[in-house]
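Q: If you're matching positions, the sequence shown starts at 171 in the numbering used here and goes up one per residue.
Any given hint might turn out to be false.
Straight line, CA to CA, 30 Å or less: simulated BS3-like cross-link-like pairs of lysine-lysine [what the hints assert, rightly or not]: (1) K319 - K287; (2) K187 - K219; (3) K319 - K308; (4) K219 - K308; (5) K187 - K221.
Using C-beta positions, here's what the derived DEER-type ranges look like [unchecked claim]: (6) E358 - S185: 17 to 23 Å; (7) K308 - E250: 35 to 41 Å; (8) P353 - P331: 38 to 44 Å; (9) T212 - R286: 20 to 26 Å; (10) E323 - A220: 32 to 38 Å; (11) R216 - P309: 19 to 25 Å; (12) D345 - D248: 28 to 34 Å; (13) E358 - N316: 32 to 38 Å.
Keep in mind the hints are simulated off the structure, nothing from the lab.
For clarity, every value in this text was computed on a predicted model and none was experimentally measured.
Ideal placement from N, C-alpha and C gives every residue a C-beta, glycine not left out.
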Amino acid sequence: ALDIGQRAKELFSRSEKKLGRGFLSLALHLDPWLHLRLPWVTDTIRDDKAKMTYWSGNIFVGWDKTRIEDLTNNFFRDMEEPDVYELAIYSWKNLQLARQSCCGIDNLAVFLSRARKFGHPHIVPFLYLTPDYIPLLKPDNQVMFNSFKQWWEGIGRPEAPSPRITYNGETWHWDQMKVVMPPSRVPEGWDAFTQAVLLYRLNEFEGARAALNEAMI
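Can you make the complete structure from the sequences, with help from the hints?
A: Okay, structure coming up:
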């Protein structure tokens, strides 16, 4: 994500703004917190942020819920920060698909626990958005929740940092996960190109080729 973000800045400096925004959006897919390492990102996306949307890719063509859970438990299992931040959009997508059924809430909570640089203050407030689900957490995640709850209560039960995860009774919202630029602001076919890159990084080479062909049509 860092290298792609720096490539975006080079493109901006050459006034190739549409392509620069495309590369920056791609970098944000891999690390929605890229601004912590590249502070200029915040100002660069400021005018577009209100129109940015969640990643809506369907990389496994109908099997996203099952396959994304598999990614959470296997592909990203041993990754450390900041590489594990790439898991964020998949955990968020899984939550959108699974809602309060197994195991979207669990998986996002686990991701936040692994993102030590910024994730820990979000865990307990996020889980308290759906308190009826807390007893249904997987046993290991029950232990994790109780540990973080004790820590959170010990520091005065603060609200989660902004932007916060919210819940409207049906679905969750989190501006941090809005990483997709409006289509008019990036090159044509950029969504398919982004999908190709994501699939390639997951070693899904056949799907990556198909998505790249779509992007080039």
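Q: Please check whether E358 and N316 have a Cβ separation lying inside 32 to 38 Å.
A: 50 Å, violated
Q: Are D345 and D248 spaced within 28 to 34 Å by their CB atoms?
A: At roughly 29 Å between Cβ atoms, D248 and D345 fall inside 28 to 34 Å, so the hint holds.
Q: Below or equal to 30 Å on CA atoms is what counts here, so check K319 against K308.
A: 16 Å, holds
Q: Taking 20 to 26 Å as the hint, is the beta-carbon distance of T212 and R286 inside that range?
A: 21 Å, holds
Q: Does K308 sit within 30 Å of K219, going by the straight-line distance between their CA atoms?
A: 35 Å, violated
Q: Please test the hint of 17 to 23 Å on the beta carbon pair from E358 and S185.
A: 19 Å, holds
Q: If I claimed the Cβ atoms of K308 and E250 lie 35 to 41 Å apart, would that claim hold in this structure?
A: 22 Å, violated
Q: When you check the alpha-carbon spacing of K319 and K287, does it fall within 30 Å?
A: 18 Å, holds
Q: Evaluate the given range 38 to 44 Å for the C-beta pair formed by P353 and P331.
A: 30 Å, violated
Q: Does the Cβ pair E323, A220 satisfy 32 to 38 Å?
A: With Cβ atoms ~35 Å apart, the hint holds.
Q: Using the Cβ atoms, figure out if R216 sits within 19 to 25 Å of P309.
A: Given about 43 Å between the Cβ atoms, the range is violated.
Q: Would the pair K187 and K221 pass a check requiring their Cα atoms to be no farther apart than 30 Å?
A: 17 Å, holds
Of the numbered hints stated above, those contradicted by the structure are hints 4, 7, 8, 11, 13, listed in ascending order.
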